[in-house]
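Undergrad: Produce the entire structure from the sequences given, and follow the hints as far as they go.
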Amino acid sequence: MNIGVLKETKSLEKRVAIIPSTVSDLTKKGYSFCVEKDAGNLSHYSNQSFIDAGAKLVEKNDVFNCDIIVKVNTPTEDEMRSLNSNSLLISLFQTIKDIDLVKTLKEKQVSAFSLNLLPRTTLAQKMDVLSSQASIAGYKAVLIGANHIGKYMPLLMTPAGTISPARTLVIGAGVAGLQAIATSKRLGSKVEAFDVRPEVKEQVESLGAKFVEVENDGGDGVGSGGYAKETSEEYKKRQQEVMKERIAKSDLVITTALVPNRPAPTLIPTSMVDLMQPGSVIMDLAAENGGNCEL
1 MNIGVLKETK
11 SLEKRVAIIP
21 STVSDLTKKG
31 YSFCVEKDAG
41 NLSHYSNQSF
51 IDAGAKLVEK
61 NDVFNCDIIV
71 KVNTPTEDEM
81 RSLNSNSLLI
91 SLFQTIKDID
101 LVKTLKEKQV
111 SAFSLNLLPR
121 TTLAQKMDVL
131 SSQASIAGYK
141 AVLIGANHIG
151 KYMPLLMTPA
161 GTISPARTLV
171 IGAGVAGLQA
181 IATSKRLGSK
191 VEAFDVRPEV
201 KEQVESLGAK
211 FVEVENDGGD
221 GVGSGGYAKE
231 TSEEYKKRQQ
241 EVMKERIAKS
251 DLVITTALVP
261 NRPAPTLIPT
271 SMVDLMQPGS
281 VIMDLAAENG
291 GNCEL
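Following the numbering used here, the numbering of the sequence shown begins with 1 at its first residue and continues without gaps.
Watch out, some of these pointers could steer you wrong.
Label-pair distances were calculated between CB atoms; the ranges are [claimed, not checked]: (1) 10 with 122: 27 to 37 Å; (2) 188 with 59: 45 to 55 Å; (3) 96 with 1: 23 to 33 Å; (4) 96 with 136: 15 to 25 Å; (5) 62 with 290: 31 to 41 Å; (6) 62 with 96: 26 to 36 Å; (7) 1 with 81: 17 to 27 Å; (8) 270 with 161: 33 to 43 Å.
Taking lysine to aspartate or glutamate pairs in the DMTMM-like style, the calculated list, with each CA pair at most 20 Å apart, reads [to be verified]: (9) 185 with 202; (10) 97 with 79; (11) 56 with 25.
Think of the hints as simulated: they come from the structure by calculation, not from any bench.
Cβ coordinates follow ideal geometry from the N, Cα and C atoms, glycine included.
TA: Structure (structure tokens):
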């Protein structure tokens with residue numbers, strides 16, 4: 001069984017689908033690997049490290065001769081055309097969003113596994129490419145946002161006076177949101193967090209943040225498996241009123257709200273952005289699915 005690893009072509013993408021240690025483990029089990037040259041460079045895995053692990057370095061076209069093709073992002077149109085019938089694709093493509101890809105896969109009789117659809121269960125934790133990356137995204141969002149806001153994150157006492165801490169609002173207290181809360185607190189920011197699921201209040205408060213509550217009539221916004229779901233129009237109106245006040249006072253707003261297999265809900269309309277202070281920042285982690293901020 002030959003496994004082909006493609007180099008990522010998406011702008012700013014630094015990941016590679018398979019790393020040398022995985023190549024080494026699976027080679028011992030009888031698999032062989034064809035890795036596109038320089039596929040791991042941006043992840044700091046050299047060509048030699050793949051060779052030492054037992055992989056063969058090849059040109060891009062040769063990767064498509066393999067039985068299994070793996071890559072991080074959705075294949076490009078050229079890559080889709082190069083897929084051979086009866087091969088298997090493993091990637092992070094989204095079946096709802098990448099309709100053309102699904103149609104092409106069907107026409108070419110290519111099987112595929114979307115890791116976006118992998119259930120978040122204990123048995124599948126080692127294959128969970130969503131939670132692990134969401135945690136990193138939440139951490140990085142705070143660091144990037146802190147570098148862009150027009151003030152310091154912690155309270156600072158100087159001979160010329162005291163500078164109050166930055167205010168951070170995290171919208172969505174899932175994996176990314178909780179990591180963002182923890183990182184913001186470690187940097188000394190005053191943190192508030194909002195989520196449609198009332199059961200996460202305890203988690204938010206355990207990290208030292210204040211939980212922003214919106215009156216909820218029951219299970220509005222609470223989905224299965226720990227995910228959020230689309231809320232009612234009445235709830236959205238109440239939410240908008242509360243968010244308007246909080247966002248206007250925030251120096252850094254981090255949004256992480258996603259609903260499985262749906263476009264990201266718009267939580268911050270242009271009118272709210274207009275109320276924010278100059279120098280404040282919005283980090284929209286839902287941007288890939290349309291974004292939580294209208295702008």
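Undergrad: Out of the numbered hints, which ones does the structure contradict?
TA: none
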